[in-house]
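Position chains F and X relative to chain Y; hints supplied.
Chains as they are written, first to last, in this note's numbering: chain Y, 6 to 332; chain F, 1449 to 1605; chain X, 167 to 667.
Watch out, some of these pointers could steer you wrong.
Simulated coverage check for chain F against chain X, where a stretch passes if three residues somewhere in it have a Cβ under 8 angstroms from a Cβ of chain X [stated by the list, open to error]:
hint: 1; region: 1494-1507
hint: 2; region: 1587-1600
Here are the in silico distance ranges between beta carbons for each label pair [unchecked claim]:
hint: 3; chain 1: Y; residue 1: K65; chain 2: F; residue 2: G1536; range: 40 to 46 angstroms
hint: 4; chain 1: X; residue 1: L185; chain 2: Y; residue 2: K65; range: 24 to 30 angstroms
hint: 5; chain 1: F; residue 1: V1539; chain 2: Y; residue 2: P156; range: 54 to 60 angstroms
hint: 6; chain 1: Y; residue 1: D255; chain 2: X; residue 2: I193; range: 55 to 61 angstroms
hint: 7; chain 1: X; residue 1: G597; chain 2: F; residue 2: A1493; range: 22 to 28 angstroms
hint: 8; chain 1: F; residue 1: L1522; chain 2: X; residue 2: G597; range: 16 to 22 angstroms
Straight-line C-alpha distance at most 25 angstroms; calculated BS3-like pairs for lysine-lysine [unchecked claim]:
hint: 9; chain 1: X; residue 1: K506; chain 2: F; residue 2: K1450
hint: 10; chain 1: F; residue 1: K1566; chain 2: X; residue 2: K549
hint: 11; chain 1: X; residue 1: K333; chain 2: X; residue 2: K545
hint: 12; chain 1: X; residue 1: K506; chain 2: X; residue 2: K268
hint: 13; chain 1: F; residue 1: K1566; chain 2: X; residue 2: K552
hint: 14; chain 1: Y; residue 1: K180; chain 2: F; residue 2: K1476
hint: 15; chain 1: X; residue 1: K659; chain 2: Y; residue 2: K289
hint: 16; chain 1: F; residue 1: K1508; chain 2: X; residue 2: K549
hint: 17; chain 1: Y; residue 1: K159; chain 2: F; residue 2: K1476
hint: 18; chain 1: X; residue 1: K333; chain 2: X; residue 2: K659
hint: 19; chain 1: Y; residue 1: K249; chain 2: Y; residue 2: K332
hint: 20; chain 1: Y; residue 1: K326; chain 2: F; residue 2: K1476
hint: 21; chain 1: Y; residue 1: K153; chain 2: Y; residue 2: K137
hint: 22; chain 1: X; residue 1: K333; chain 2: X; residue 2: K458
Everything labelled a hint here was simulated from the structure, so no lab data went into it. These numbers come from a predicted model, not from an experiment. The beta-carbon is built from N, C-alpha and C at its ideal position, and this holds for glycine as well.
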Amino acid sequence: MHRRTLVKTLAALAATLASFAFGGGAHAAWPDRPVTLIVPWGAGGGTDGTARIIGSLLEKDLGQPVNVINRTGGNGVVGHNAISTAAPDGYTIGMVTVELVMMHWAGLTQMTYKDFNPIGLVNIDASGITVKADSPYKNLGDLVSAIKAAPAGKMKASGTGQGGIWQLALAGMLKDLKMNPQAVGWVPSNGAAPAMTDLVAGGVDVVPVSLPEARALIDAGKARPLAIMSKEPSALYPNVPTLKSLTGSDWTMGAWRGIATPKGIPPEVQTKLAAALKKIYDSKEYKDFMGQRGFGLMYADPKGFGDFMAKSDADMGVIMKTLGLSK
Amino acid sequence: MKFNDAISGALLLALSIAILVAIQSFPKIPGQNIGPGAFPGLLAALLAGCSFILIFRGIKERASEPWLVFGAWLRSIPHLRSFAVTVGCLVFYIVAADKLGFIICGTVVLSAMMWTLKTRPQIFIPVALIATLVIHTIFYKGLRVPLPWGVLMPFAW
Amino acid sequence: MTPHVLMQALALVFDPYVLLVIFCSAIFGLFVGCIPGLTATMATALLVPITFFMPPVPAVAAIVTATAMAIFSGDIPGALLRIPGTPASAAYTDEAYAMTLKGQAEVALGAGLVFSAIGGLFGTAVMIAFSPSLAEIALQFSSFEYFWLVVLGLAGAVFIGNSSVLKACISLLLGLLIACIGLENPAGHPRFTFGLNELMSGVELIPMMVGMFAVSELLRFVTNMDPPMKIATDKIGNIFGGMWGLLVKYKWPLVRGSALGTIIGIQPGSGADMASWMSYAMSKKFSKEPEKFGTGHVEGIVESGAANNSSLAGAWIPAIVFGIPGDSITAIAIGVLYLKNMNPGPTIFVNNPQNIYAIFIVFILANIIMVPLGWLTVKIATKILKVPRNILMPIILLFCIVGSFAINNTVFGVVLILFFGLAAFLLEENGFPVAPAILGVVLGTMMEENFVTSMIKSDGNIWVFFTRPIAMWLAAGTIIILFWPVGTWAWQKYRARPIST
Chain Y
6 MHRRTLVKTL
16 AALAATLASF
26 AFGGGAHAAW
36 PDRPVTLIVP
46 WGAGGGTDGT
56 ARIIGSLLEK
66 DLGQPVNVIN
76 RTGGNGVVGH
86 NAISTAAPDG
96 YTIGMVTVEL
106 VMMHWAGLTQ
116 MTYKDFNPIG
126 LVNIDASGIT
136 VKADSPYKNL
146 GDLVSAIKAA
156 PAGKMKASGT
166 GQGGIWQLAL
176 AGMLKDLKMN
186 PQAVGWVPSN
196 GAAPAMTDLV
206 AGGVDVVPVS
216 LPEARALIDA
226 GKARPLAIMS
236 KEPSALYPNV
246 PTLKSLTGSD
256 WTMGAWRGIA
266 TPKGIPPEVQ
276 TKLAAALKKI
286 YDSKEYKDFM
296 GQRGFGLMYA
306 DPKGFGDFMA
316 KSDADMGVIM
326 KTLGLSK
Chain F
1449 MKFNDAISGA
1459 LLLALSIAIL
1469 VAIQSFPKIP
1479 GQNIGPGAFP
1489 GLLAALLAGC
1499 SFILIFRGIK
1509 ERASEPWLVF
1519 GAWLRSIPHL
1529 RSFAVTVGCL
1539 VFYIVAADKL
1549 GFIICGTVVL
1559 SAMMWTLKTR
1569 PQIFIPVALI
1579 ATLVIHTIFY
1589 KGLRVPLPWG
1599 VLMPFAW
Chain X
167 MTPHVLMQAL
177 ALVFDPYVLL
187 VIFCSAIFGL
197 FVGCIPGLTA
207 TMATALLVPI
217 TFFMPPVPAV
227 AAIVTATAMA
237 IFSGDIPGAL
247 LRIPGTPASA
257 AYTDEAYAMT
267 LKGQAEVALG
277 AGLVFSAIGG
287 LFGTAVMIAF
297 SPSLAEIALQ
307 FSSFEYFWLV
317 VLGLAGAVFI
327 GNSSVLKACI
337 SLLLGLLIAC
347 IGLENPAGHP
357 RFTFGLNELM
367 SGVELIPMMV
377 GMFAVSELLR
387 FVTNMDPPMK
397 IATDKIGNIF
407 GGMWGLLVKY
417 KWPLVRGSAL
427 GTIIGIQPGS
437 GADMASWMSY
447 AMSKKFSKEP
457 EKFGTGHVEG
467 IVESGAANNS
477 SLAGAWIPAI
487 VFGIPGDSIT
497 AIAIGVLYLK
507 NMNPGPTIFV
517 NNPQNIYAIF
527 IVFILANIIM
537 VPLGWLTVKI
547 ATKILKVPRN
557 ILMPIILLFC
567 IVGSFAINNT
577 VFGVVLILFF
587 GLAAFLLEEN
597 GFPVAPAILG
607 VVLGTMMEEN
617 FVTSMIKSDG
627 NIWVFFTRPI
637 AMWLAAGTII
647 ILFWPVGTWA
657 WQKYRARPIS
667 T
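The following block holds chain Y by itself, in its conformation from the complex (with noise of 0.2 angstroms):
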């Protein structure tokens, strides 16, 4: 046994040596081995939750194993650096959300959504204006009066990290209505659920997470969602009006995810990942699972994605030089 572990090591060893003198093998088709999958956030969020079904659909599909690994960190930039560097052999791919239109506007890093070949969008999930139970305000008219009566900056609201989506959300809807979009303090929060627990401690006046994030809590009766930043309404609360509805702002925002991967991979490999995506989201499988964690589904193949990312990209330049967080 260890003898042929050995011999096989130095068979691999003696080959590889040769495979480099001759320039490389040729290629068998795509995928021949494990592929990796990049999530740029940590293991037990909703990004991780999506990617991990998507692997997991993916591995049946590919019939290699699809390992899901998280590079977390730096608001995203780690994890989303690393897929756009990998090899561009389809060997590589990662699951790309929305901070990706956002953290090259912060001056965090150099790289932009241009340096990703799209695959397909997977999910949107819009957010949702949140407020305690118990609070005084039982519609979104009563929150913007109260908003727009109170000094600038008293009310406050929390979500995410300084600068994060559900912070430009907010400012943005505030915009739209032709307020200051700073009214509203922003208290940066480690993610969505420290910021609805600070909700329900009387911590903030607002969160505007979307609904799914928001969910144990609505459920559990300590938290009450006034509307929602989407042209229809979620399929995971359909009474909860839309922003259109109430006020007739068409401002809609939500927190995307897709699938990407490095530029330059091959032809062949892009039209059987992007197919194989298609047939992942078409199924049964990933429809409940969704639907079980209340998320909400959109679809776009990889040229819709594209030009998806490229309006994001700009809605978010203008709100975030609006708010002075654009270096």
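Just chains F and X now, with coordinates in the frame of chain Y:
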């Protein structure tokens, strides 16, 4: 390598001053009344305070505490070599892991360490190879840690 | 809980398939916890894809069992090799290793095992009895209250270890400064990253801990002029031998540790690691023999071993009642609950009573089977002390490399263990303890975050830290604990004055 407390204190003081200088360039954040420099600044100031006490103590005890005491190992060639090999192994792994792959680097690291700790070659060569392969199997197959294959890529199993 | 529901729940758990899942995840948890760099959180994340294909009860049982085992087995490499397997074991690693050097490895590990199980059962009992009401209290905690909790935790650093207070403080400050590195601060401004992308995420705790304990220990070993090739292991026959005696002797520390662990666990955002540091410090503070701490004294291990396991159960309380994660493990578990249609919330007790009681039973079962399985693991693990050190130490180095790589799947983790290994080697040579630095990193980010967000919420009014109802009590407690030593010192000085002058 034991320094007199005054020297440790001076080094720490230099560190705290460097931090205090660095935070001067941190921006103010709109809507936040405490900037990103405040917390490290406070810590650096406290560290500077502690450093002063340490320097003071070190100077007071100078009679019994020399400025610098070299450990006995710094005069022993085999120990110096072992120290260098340990650090060298980590540096080697950091530099070479992606290119050569885990199996080659792991075997080299184990062999070098066991060699410098005076294990006989007829023991350390098989042990290094087997241990590397076992660790690789546990982590790569069992725990799905993407250890690099490096040049062994064509033979990935 | 009606007898009918209880019977249903029992039937759900005592099903051959569920028992097999529990057994396998126990082995898995014990293994993962043993390896430095692999944490209980990681064990959970690895289980998630497998639980996709399981019914609800075994899915949750797998996570509960694996994490309880992993937190215990983190003690094993800590005690035997001075390399804590998980951050929750770091608080008493030096103590347990000192016992190993005295030939008492099996007492240290036996105590860790038995009192982990008791702590876990205590936390479970609290969870079963008081879940809904305790979760309500946890929801009252905002950043103001957390700030005081963190300060309380930090105050403990000074009590840990036997080194000079000044050097312990410096080490703590260095740890807090290390926690400042990176982008994850309230301002979202990258600090001290030296332009490195990898440092944007700050210094990961695990590689730092592996470096400061394991790599520095290796460096000490290779530079030791007269290294012992083997550590003496006394024949103790039965690791449970002295446990009854310890139980009687240390019943109060045990209760204190379990209670504190449960309370810390319930608070979202603080988990097993903080629980074990705080209770170790508390143990030393209240001990009749504080001078023995750090020299291989079992008392602190009893208390904090119980605390870190009881906090695991505590963390499930807000998770089940409100879907709020008490720690990073329950954050993952909540996702699994949703997937299995067991949506967390007060209604879970109404809609799915048999499932929730089945989970409670799994908690009890996991803590009970931990004892025989843990005993086996300890028996096997102590054998590695018999491996000649010149073969063992290199293999440990390779484990450290792989473990630190696995945390974020980057070779930068290895850079960190090298840097912190050298730093800790120098610090310890000069009499600076490393444990406070690790505590500083554990709590540094929390401290800044909670202070800054509190100040934003109160528009800069610092008095809010003292006027909110719960914050007020925490503040009073913290200030008394912090100034108690100064007060007694001043009082003694004052009393001594007439005699000395």
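Here's how the hints hold up against the structure:
For a cut-off of 8 angstroms, the count of residues in the region 1494-1507 of chain F with a CB near a CB of chain X stands at 7, and the three-residue condition holds. Requiring three or more residues with a Cβ within less than 8 angstroms of a Cβ of chain X, the coverage given for the region 1587-1600 of chain F holds, as 6 such residues are present. Range check, K65(Y) to G1536(F): Cβ separation about 45 angstroms, and the 40 to 46 angstroms hint holds. Taken as a hint, the range 24 to 30 angstroms holds for the pair L185(X) and K65(Y), whose Cβ atoms sit roughly 29 angstroms apart.
For the pair V1539(F) and P156(Y), the supplied restraint of 54 to 60 angstroms holds, since their beta-carbon distance comes to about 57 angstroms. Here the CB-CB span from D255(Y) to I193(X) is close to 57 angstroms, well matched to the stated 55 to 61 angstroms. The hint said 22 to 28 angstroms for the Cβ distance between G597(X) and A1493(F), and at roughly 23 angstroms that hint holds. For L1522(F) and G597(X), the hinted distance range of 16 to 22 angstroms is satisfied, since their beta carbons lie about 18 angstroms from each other.
Restraint check for K506(X) and K1450(F): the C-alpha separation of about 58 angstroms exceeds 25 angstroms, so the hint is violated. Our distance criterion of 25 angstroms between C-alpha atoms is met by K1566(F) and K549(X), whose separation comes to about 22 angstroms. A distance of roughly 38 angstroms separates the Cα atoms of K333(X) and K545(X); the hinted pair therefore is violated under the 25 angstroms criterion. A threshold of 25 angstroms between alpha carbons decides the hint, and for K506(X) with K268(X) the separation of about 49 angstroms lies outside it, so the pair is violated.
At most 25 angstroms may separate the alpha-carbon atoms for a hinted pair to count; K1566(F) and K552(X) meet this at roughly 17 angstroms. Pair hint K180(Y) plus K1476(F) holds up; C-alpha atoms about 23 angstroms apart against a cutoff of 25 angstroms. Restraint check for K659(X) and K289(Y): the C-alpha separation of about 76 angstroms exceeds 25 angstroms, so the hint is violated. Between the alpha carbons of K1508(F) and K549(X) the distance comes to roughly 49 angstroms, so the proposed pair goes past 25 angstroms and is violated.
Between K159(Y) and K1476(F) the CA atoms are separated by roughly 19 angstroms; this keeps the pair inside 25 angstroms, and the hint holds. Taking the CA atoms of K333(X) and K659(X), the gap is about 24 angstroms. The hint holds against a cut of 25 angstroms. Annotation: proposed proximity of K249(Y) to K332(Y) is violated, straight-line Cα distance about 31 angstroms (limit 25 angstroms). At roughly 16 angstroms between alpha-carbon atoms, K326(Y) and K1476(F) fall within 25 angstroms of each other, so this suggested pair holds.
Among the hinted pairs, K153(Y) with K137(Y) is consistent with the structure: their alpha-carbon atoms are about 19 angstroms apart, no more than 25 angstroms. Restraint check for K333(X) and K458(X): satisfied, since their Cα atoms lie roughly 20 angstroms apart, inside the 25 angstroms limit.
Checked against the numbered hints given earlier, this structure breaks hints 9, 11, 12, 15, 16 and 19; the rest are met.
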